[in-house]
Amino acid sequence: MKKLNFILALLFLMTGCSNNTEPTITVKDETISDTVEVIEEKIIEEAVEIVKEVVEEKIEEVKEVEKEEVKEERTAPMEIHVYSSEIPWNESAEVVDSEHTTISDAVKNAIEGDTIIVHEGIYREVLKITKDNITIKANEGDYVLVSGSEIVQNFVPESTMPGVYVADVPSNYKETTLPYTQVFANGHYQDMARFPNLEIDDYMAPLEEGGGYSKLVNIYKNKGTTEGSVTFESGTLPDVDLTGAIFRGLTGKNREYVFGEVVSTEGNTISFNGTTKNDWSKADAEIKLGYHDYGFGFVTHKNLIDIPGEWFVEDRKLYIMPEGDIADIKIELQVRQQTLQLNNTENVKLENINFVAGNAQIKGTSGAIIDNCTFRYLQPFYVITGYGMGDSAQTGIYIEYGKNNTFRDTYVGHTWGTGIHAVGGEGNSFYNCIFEDMGWIGTFTAGIYSSADNTHIENCSFKDHGRFQVRVDKDIKIDILHSSFERAMEMGEDAGPFEFTSTGKIAPLNLKGSEFAYNKVFDLHGVPVSSGNYNKQFVVAFYMEDVNNYTAHHNLAYDITADSYEGPEKVLRDSRLLYIGPRYNAMNDPVNFYNNTAWDYGSSIGIWNIQIANHEELKAQGLKQEEHTGVMTDGHFVNNLFDEGDFSINYSAQNLTMSGGSKGWAKIPENDWKSISTNDMNEFFEHAAKVDYFFNPQTNMVFDIETGASNYVDAENGDFRLVDTSPAKGAGTPIDGITSSDTPDLGALEGSDYVLSAGSTLILPEFKEIRY
480 MKKLNFILAL LFLMTGCSNN TEPTITVKDE TISDTVEVIE EKIIEEAVEI
530 VKEVVEEKIE EVKEVEKEEV KEERTAPMEI HVYSSEIPWN ESAEVVDSEH
580 TTISDAVKNA IEGDTIIVHE GIYREVLKIT KDNITIKANE GDYVLVSGSE
630 IVQNFVPEST MPGVYVADVP SNYKETTLPY TQVFANGHYQ DMARFPNLEI
680 DDYMAPLEEG GGYSKLVNIY KNKGTTEGSV TFESGTLPDV DLTGAIFRGL
730 TGKNREYVFG EVVSTEGNTI SFNGTTKNDW SKADAEIKLG YHDYGFGFVT
780 HKNLIDIPGE WFVEDRKLYI MPEGDIADIK IELQVRQQTL QLNNTENVKL
830 ENINFVAGNA QIKGTSGAII DNCTFRYLQP FYVITGYGMG DSAQTGIYIE
880 YGKNNTFRDT YVGHTWGTGI HAVGGEGNSF YNCIFEDMGW IGTFTAGIYS
930 SADNTHIENC SFKDHGRFQV RVDKDIKIDI LHSSFERAME MGEDAGPFEF
980 TSTGKIAPLN LKGSEFAYNK VFDLHGVPVS SGNYNKQFVV AFYMEDVNNY
1030 TAHHNLAYDI TADSYEGPEK VLRDSRLLYI GPRYNAMNDP VNFYNNTAWD
1080 YGSSIGIWNI QIANHEELKA QGLKQEEHTG VMTDGHFVNN LFDEGDFSIN
1130 YSAQNLTMSG GSKGWAKIPE NDWKSISTND MNEFFEHAAK VDYFFNPQTN
1180 MVFDIETGAS NYVDAENGDF RLVDTSPAKG AGTPIDGITS SDTPDLGALE
1230 GSDYVLSAGS TLILPEFKEI RY
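Counting from 480, one number per residue, gives the positions in the sequence shown under my numbering.
Any given hint might turn out to be false.
Stated by the list, open to error - Straight-line Cα separation of at most 30 Å, DSBU-like style, residue types lysine-lysine; simulated pairs: (1) LYS1049 with LYS616; (2) LYS653 with LYS1142; (3) LYS842 with LYS653; (4) LYS702 with LYS1153; (5) LYS882 with LYS1049.
Stated by the list, open to error - Derived Cβ-Cβ restraints for the label pairs, each shown as a range: (6) GLU765 with SER1156: 30 to 36 Å; (7) SER1156 with GLY843: 47 to 53 Å; (8) PRO1244 with ALA1145: 44 to 50 Å; (9) GLU619 with ARG734: 28 to 34 Å; (10) GLY843 with MET640: 32 to 38 Å; (11) ASN1175 with GLY1197: 56 to 62 Å.
Treat the hints as calculated values from the structure; they're not laboratory data. We put the CB at the ideal spot given by N, CA and C, even for glycine.
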């Protein structure tokens, strides 16, 4: 009977599912008999047949559904067109209905070999590229802008702040990924509220009036606290509540710069808790009054909005004082950290795409071509605890283990952060690109940082950088050809546009035969610092610290002068052509300088030697370097033209750790004679050879300051062609593969004036989102 009940229940369920009938079945509780058994068998047989039919019907239905879902995969490459719904600079433009309104959506539907044609307009998205062998390019003649910002609307007057309007930030702005943002008004970059006000169009002018910085005095922090204090020497700090404001101070050496949160103000003096990982945030450290005689700094807070163009975000509200009627201004706020993600792909090509308000990430990608693109305003203001390259690595275009990627005719500029940061990989190239106006943050940033082997830079321009323009600190081959470097080091000192260093390890940097040729370095000045006994403004055109195995030829350097500060303090001004280190490192590979011209600088060549006083101790611990001091055994300095400047060796000694850290100075009296400082080039070269620095000089020449300029066609305006009467004409030594004749001229213009045209010829597009 149990079997009968089960079958009847199953029959009920299946017939109910198959035809929606509602059978009524009555089962009487009777004494079991033969009749019941017969009826039971009959019912079971019928039920089984019904179940079988229903199940078969269901199987057929499933088969039919599955067959309908099968789609044929496209295999032939095609063009995919993307149309924007936002073309604000062309009100009469027709908005085209399209299957794809975002580029990323088109990428998802692309296959290898496809070309995605992007039409005129703004695309507010992160362009995520996940497919190999595709091309994404702007429609011919169209202006395409990928933006990390969104429009802010519904502004109302802020009743407590005359002239200020307030609105909610866009809902997709997340402070967790983007703690600070950027604001644009009709496409123009707006200034985050600060004291002193920024009144000029330059974020890296701490010494200039209106540059947004004040000179700092009365700088100190007592022991037992993290609360520091500074006084703004110029201007009048507004009498408003600045609790929680962010203070930025350029105090001392770069490693001593500070970020802090303001806790109180009194007059022009602020007290703040340091957040930077140095003495400012260490309660057990003391920064005595007078250790930093001066510095430069600013403070930023909502309550400092007081001139048109200033803004601040607080509690998910945007406060802004507009220039003009707010109703006539399109306000945009950055909400996306990145505008481009190009990860783990091969052979992708981007053409004529413009990016604004976001940085870029390129990881594990090979064979990419970035052609005729622009990247602007990549990184907003940010707060970091350190100062090294790694602290700002992902604030620009971050390339991780990229191989054979090419940037051509591309612009990167206007950012608080860095430019290109390439970690690992190999074969990345940059042709006819411009890297401009970056590193506003003031710590270690660069136009291009690379630890990728076989990096190639050619016909590029580097302009206006907070610190370095090219930075290398790993053993790589990097060729830099026919490029221009101007106005580096606008936010610091003790470095230069060419910044190559071993970073302190006991072993020189091996550049594997790198070539630096036909480059132009000029307009280099720096910012002075006060740090204990160090009061200096020091910049170097070629900062080649502990670096060997390279050749530099036909380079031109001029206007290298540390004279931009006019304060009353005593400042040592040192503007140097070449610094080679090598500290304690033995440089046994070639260091070749051929046919270079240098003019209008402070000193010529500087060597800082450190003898390892505890060398035997380190050898016992496994140190591989046999030499106990720095040396240069294979230098070749030929056909160079120098200005009249100091040549020097500072010979010292220290006890070191295995990693190159200093354990303190050591006094070795027998080394006292090894230092030298002289304007006599020949005396310097002769003395250097006696302490194992072999320059192997030939036919170099020094022009004196008073008459030297007469050897050039127009030195004042950068024309360093030699006049026919110059003694440097035809006075050189022929060098195989370098010079062009048996009687070459001295200097960088030997054979041609090619070096004078160094730099990019790139012409920027019209940025149509900017309204005037």
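Checked hints:
For the hint linking LYS1049 to LYS616, the alpha-carbon distance of about 56 Å lies beyond 30 Å, and the restraint is violated. Between LYS653 and LYS1142 the alpha-carbon distance is near 46 Å, which puts this suggested pair outside the 30 Å criterion. For the hint linking LYS842 to LYS653, the alpha-carbon distance of about 24 Å falls within 30 Å, and the restraint holds. With a C-alpha separation of about 41 Å, the suggested pairing of LYS702 with LYS1153 is violated against the 30 Å cut-off.
A threshold of 30 Å between alpha carbons decides the hint, and for LYS882 with LYS1049 the separation of about 49 Å lies outside it, so the pair is violated. The hinted window of 30 to 36 Å between GLU765 and SER1156 holds, with their beta carbons roughly 35 Å apart. A C-beta distance of roughly 50 Å is found between SER1156 and GLY843, which places it inside the suggested range of 47 to 53 Å. In this structure the supplied range 44 to 50 Å is violated for PRO1244 paired with ALA1145, their Cβ-Cβ distance being about 59 Å.
A C-beta distance of roughly 50 Å is found between GLU619 and ARG734, which places it outside the suggested range of 28 to 34 Å. Roughly 48 Å separates the CB atoms of GLY843 and MET640, a value that falls outside the hinted 32 to 38 Å. The hinted window of 56 to 62 Å between ASN1175 and GLY1197 is violated, with their beta carbons roughly 31 Å apart.
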